[in-house]
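Novice: Now for the letters of each chain:
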Amino acid sequence: MGLNQINKKDYFTDQYNQNFDYVYAYIFARTAGNSQLTEDIVQETFAAAWSSLNSFNETCSPSTWFCSIAKNKLRQYYRSTICREKFEYPDSDALYDYACDFDLENLVLNEELRLRVIKVLNGIAPLYRYALIMKYMDCLSVKEIARVLARSPKAVDGVLQRAKAAFEQVYIQQEGRDGNHG
Amino acid sequence: MEIMDDRELEKLLNTTEGQVPPAGLKERLFLKITASASNAVPALTPLERVIFEKPLRTACFVSLPAACVLWAILGNDLGKLLSGILG
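Sequence order for the protein chains is A and B.
The first sequence begins at 1 in this note's numbering and counts up one residue at a time.
The second sequence begins at 183 in this note's numbering and counts up one residue at a time.
Pulled out of the complex, with its shape left as it was, chain B reads as follows (with noise of 0.2 Å):
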């Protein structure tokens, strides 16, 4: 068996091109995308985004409190500030 034409084919395949979609789907689907997007609630809040995003960042801010409290705590003494930091 010959195969096709090229050109030909190519004119074939694009006589499918061209639809028009059915009446009122345009509608219908607007409403859809809408709708589940305005539904969508985000998955983490600005906070947990941080903790999340940038931990290394966050441990540094959260451990330096710590480390002055302690500090000023337990005297001004930097073995009891270790011994108090490894608990």
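Bound-form chain A, shown alone (with noise of 0.2 Å):
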């Protein structure tokens, strides 16, 4: 693209406006709304794309160049914590801050099965967790979920079942605390 320091710094911060939310909302949907994460992945993917906007050539839009470089963000981030298969459950603190930067306007969905889905997101296993998300969100086949995770399509159907199993079965736990609750 050849940009001038000028010009670089003028479009990045074009580009940053206008995708910033979009970024934001992609990595906080795939990191099972951590808001921490989120906010370092976020600033990483940024970080990387205005390092490397000189070889950006336009053949795709600035938003598709984002989240793919977000998208490697999350897969460096996944595949370090489920090679140290490390699981820790947020607290209780983390999960009321998420509460408090939802914006009550955007929630007129349905909060509660929103936050639900984000607890037992992060109430199963980082690998499951993120074998639902390529599958459900970002729609990727078997063979190429196994490509990521470096495993057999075989495997990677057995972990998709388990995931499956595993995430059904904390959100029927989930469901009945939360209706005791309520």
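If you are wondering where the hints come from, they were derived from the structure by calculation, not from laboratory data.
Some hints could be false.
Unchecked claim - Here are a few chain A residues that face chain B, going by a calculated C-beta distance under 7 Å:
{"no.": "1", "residue": "Y22"}
{"no.": "2", "residue": "Y24"}
{"no.": "3", "residue": "F28"}
{"no.": "4", "residue": "A29"}
{"no.": "5", "residue": "E44"}
{"no.": "6", "residue": "A47"}
{"no.": "7", "residue": "I118"}
Just so you know, these numbers come straight off a predicted model, no measurement behind them.
The C-beta atom is built at its ideal place from N, Cα and C for all residues, glycine as well.
Need the complex rebuilt from these two chains, each delivered in its own frame; the hints are there to steer you.
Specialist: Next up, the structure:
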């Protein structure tokens, strides 16, 4: 693209303003509502975009480009989390922050349901969470998921089945808990 | 236990889309990103980049005048030139 420094900054600022909300929402949904992690990945995504802006040749839209960078950052995060085999439940404060950060106007849909889905996603293993996100939010095929997770398609089929079962189990538990509280 | 229907699961997961960022985050992150970018210093100077990225070409450019200088100093003698290069 051959942008000089001033044009580069103007162009980046413009694209940043146009795409920030979209990229934030994209990452937020794929980190299962983890605000801190979302903030970190959003920052890393735009910092990487800024440093490689000269190589962006506009064969795709800037939003697609930002999302592909974000996707790689998410992949790195999930790979390291899955590799560590370490799983921590988010503390209730983080979920409370999430609830406070929520834009009330956007909650016409169903705030309770959204919060419950986020809690459920946080309640299953990172491998299952990531597999479900790739399958049902990014609409990737089993083969594509297998490539990302470096497993065979057959193994991914098994992972997806177990992930669905785990999601449903935690969802029903959560539903019961929420029902008792309400 | 019967496993949840695919479409139902997809619908549930997609309820998490469309989150609005907290107020002020956009501006705060922009400042962080641009500040870190402007503080970044290039790792190599242009000369160092030529030396490390094209070492063979650099060696040729250096050795040619050095050989000429030695040829002139050592009296246009190939034997002396070779012994001069070898030290």
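Novice: Would you mind marking each hint as holding or not holding in the structure?
Specialist: How the hints compare with the structure:
At about 10 Å, the closest approach between the beta carbon of A/Y22 and any beta carbon in chain B exceeds 7 Å, and the interface hint on this residue is violated. Contact between A/Y24 and chain B, as hinted, is supported at the beta carbon level, the nearest pair being about 4 Å apart and thus within 7 Å. The restraint placing A/F28 at the interface with chain B holds, with a minimum CB-CB distance near 4 Å, inside the 7 Å limit. Proximity of A/A29 to chain B holds as hinted, the smallest CB-CB distance being about 4 Å (cut-off 7 Å).
With its C-beta approaching chain B no nearer than about 9 Å, A/E44 sits outside the 7 Å limit, and its interface hint is violated. A hinted interface residue such as A/A47 counts as satisfied when its beta carbon comes closer than 7 Å to some beta carbon of chain B; here the least separation is about 5 Å, so the hint holds. Taken as an interface hint, A/I118 checks out: its beta carbon lies about 6 Å from the nearest beta carbon of chain B, inside 7 Å.
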